[in-house]
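Let the hints inform the model, and build the full structure from the sequences given.
Going line by line, the protein sequences match chains A and B. Heads up: the first sequence is residues 1 to 236, going by the numbering used here. Heads up: the second sequence is residues 1 to 513, going by the numbering used here.
These are computed hints drawn from the structure, not numbers from a lab. Check before you lean on any hint, since a few could be wrong.
[Stated by the list, open to error] Under 7 Å between C-beta atoms, here's a sample of chain B residues computed to sit facing chain A:
#1 G12
#2 R13
#3 L434
#4 G435
#5 T439
#6 F443
#7 S445
#8 E459
Nothing here was measured: the structure is a model prediction, and the numbers come from that model. For every residue, glycine included, the Cβ atom is placed at its ideal position computed from N, Cα and C.
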Amino acid sequence: MSDSYLENEDDIILEDLSDEELVEQMHDDLYDGLKEEIEEGTNILLSRGWSPERVLNEALVAGMTIVGIDFRDGILFVPEVLLAANAMKGGMEILKPLLAETGAKPVGTMVIGTVKGDIHDIGKNLVGMMCEGAGFEVFDIGINNSVEDYFAALEKHKPDILGMSALLTTTMPYMKVVIDELVNKGIRDDYIVLVGGAPLNEEFGLAVGADRYCRDSAEAAAVAVAMVSERQQNSA
Amino acid sequence: MPERKRRRQSGGRRGKIAAREQGVTNYRPYIERKIPYFEILDDEGLALIEGNADILLEEIGIEFRDFPKAIDLFKNAGADIDGERVRFPKGLCREIIQSNAPSEYIQHARNPNNNVTIGGRRTVLVPAYGSPFVRDLDEGRRYATIEDFRNFVKLAYMSPNLHHSGGTICEPVDVPVNKRHFDMIYSHIKYSDKPFMGSVTHPERAQDTVAMAKLVFGDDFVQENTVLTSLINANSPLTFDDTMLGAATVYAENNQATMISPFILAGAMSPVTIAGTVTQILAEGLAGMAYIQLVKPGAPVIFGTFASAVSMQSGAPTFGTPEPGHVMTIVGALARRLGVPFRSGGGLCASKIPDAQAAYESANTLQASALAGVNFMLHTAGWLEGGLSMGYEKFIMDADQAGMLAVMLDGVELSENSLAMDAFREIGPGGHFLGAAHTQANFESAFYRSEIADNNSFEQWEEEGSMDCAMRANSKWKKMLNEYEAPALDPAIDEALLEFITKRKSEFEDRDY
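Set out below in structure tokens:
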């Protein structure tokens, strides 16, 4: 190695950083969407005896919170947030089996899909991605979902949250059909129900019996985290 | 032992915020048009207008009031003189202009990176000019002061989409009429390094402007290059006055550019039709530009037009309506046939405040100006109330539109990257492009991004105070003035300018005329 290379202040070695510095660097690396660096940082923290849960919360979720805030404030752009979420996913792949072993839960789980008649899924995909970024395990059941489709997914994944989206004014009322059926079956309170999509508003969300309307993907992730944690506290 | 990985530290949040604030656009000193001109008359129609303008010049003629020099020059050139009325043999003015006037010229700025080329396929965007009042959301409408003048010079300097510092960007009424030109010219030089316009309200004031330019650029440089472009209005219909001709003569003699601009409130100062109005504009423009070429063959001259339609209901000027747009489009075509640069347009409106009327009227005129092929777009930013008021918020809104005009005139790129075939191959049916490699590589500069338009959800907009565009623009200009840093000016030049101003101001009494 040449001397000039060593002297370059910008160069860093992740392994040489203290825990605190490394976590800070991982926040920066998440922000910049550097997947390999996040994977390496995750492994280093684990090798230093950090629990998978602590790595998830302090390094990854805390980092993605910053990403969410700056996305909302117009500093980060959509393609950059996608890169950040992808880097987060890299870390999650490492943590997932370890979390399962220790019996620790992820931040939460979520089933998400667009309602029957609606094939517009870019917004829903962004919500899924942001929630994954926030540490959720997201089961995306895609587009055009009937009551039966939603119920099958709820049965299978037993999520904390059911997320439904619609882009069309003519398809959004179907959310009420799904929620009414949850009520009929007596399982409405088993789930947090979040709804979203361009033609909705807060009033509509409450009128169809959802817990919250989320205006965009950054807010959806923040609301999801807050509501799951509130629920866990209430049940504790 | 595995190799220890070294890597460059990533910038994270701080790095991104800094990069975003800097912006991604490289400053371009002017726009180079890559789309066709919008034209609405064919050759036959344009030739008909040119023929009628010649008839106007030959049969009715133009008056050059209280200015014997013009009469003498035209007499020698072969025109028919009757007192102050000058009648021109068919084709005389056109011939004088075409054999002498440059089709384009460079106006030098004190920072050579900001030099502008005026003419051809270029468009130079220039702030509004001449308002006695200023307006902002905090203090409403009030007479402009030299402080306001400095503020607008600073804002224009900081606006990447404006290429020129302008001239009488607002009228500083707190300074005596016969001395305010010193403060205005000094402000343009001191607080900006973009090119600027000279004083035209008296030949002596034009001479002072040239003298100050010489202190900045050097005597020889000014004699051989254009460092000033100044606005000379015809006194329509069919009249030029001694004030304007006097200033024009000073600039031409010093090889500085003038834009000969009939100022037309159609229906009052010209006939009530589009065809009649453009005929008169051409006749007046030809006579004025020919005069300049007789004073100094080869001095840069711009064919200008400012046209508004007068409300037949009230007599008030109107803006952003279709007919003056047509006038501008036709005059643009006539200027190209003549072979001289073309001035017109801007963000014109009649609205008193930066509201919906202001926005649509201004958008109508700005886009029409860009399509018409305007080379020097005076009044691009700030204009309110038919030019009576210079708006701080309106300035910011118009400067945003100016950025969009530049992108519009850039046309469409057909490079391999722009054709984006790789993106299709990567994503295929049913996916989305937001994460595509092609998007990652191009998103930052892909689409015009306004700094004052709000595109967020209703809820976020409401949470952030339910602000309308003017309120957002209000924060923006205040932030800009807070962050303003003056461009470096050689202290010796600054001292020489201040010395010149002090000396000249002490040579005569303050006067308000």
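Right, here's what the structure says about each hint:
1. Among the interface hints, the one on G12 (chain B) holds; its C-beta lies about 3 Å from the nearest C-beta in chain A, closer than the 7 Å criterion.
2. Annotation: interface hint on R13 (chain B) holds; nearest CB of chain A at approximately 5 Å, less than 7 Å.
3. Residue-level restraint check for L434 (chain B) holds (minimum Cβ-Cβ distance to chain A is 5 Å; threshold 7 Å).
4. Satisfaction of the interface hint for G435 (chain B) is found here, the shortest Cβ-Cβ separation to chain A being roughly 4 Å, below the 7 Å cut-off.
5. Evaluation of the T439 (chain B) hint against chain A yields a held restraint, the C-beta minimum of about 5 Å falling below 7 Å.
6. Taken as an interface hint, F443 (chain B) checks out: its beta carbon lies about 5 Å from the nearest beta carbon of chain A, inside 7 Å.
7. Given the 7 Å rule on beta carbons, the hint for S445 (chain B) is violated: about 11 Å separates it from the nearest Cβ of chain A.
8. Given the 7 Å rule on beta carbons, the hint for E459 (chain B) holds: about 4 Å separates it from the nearest Cβ of chain A.
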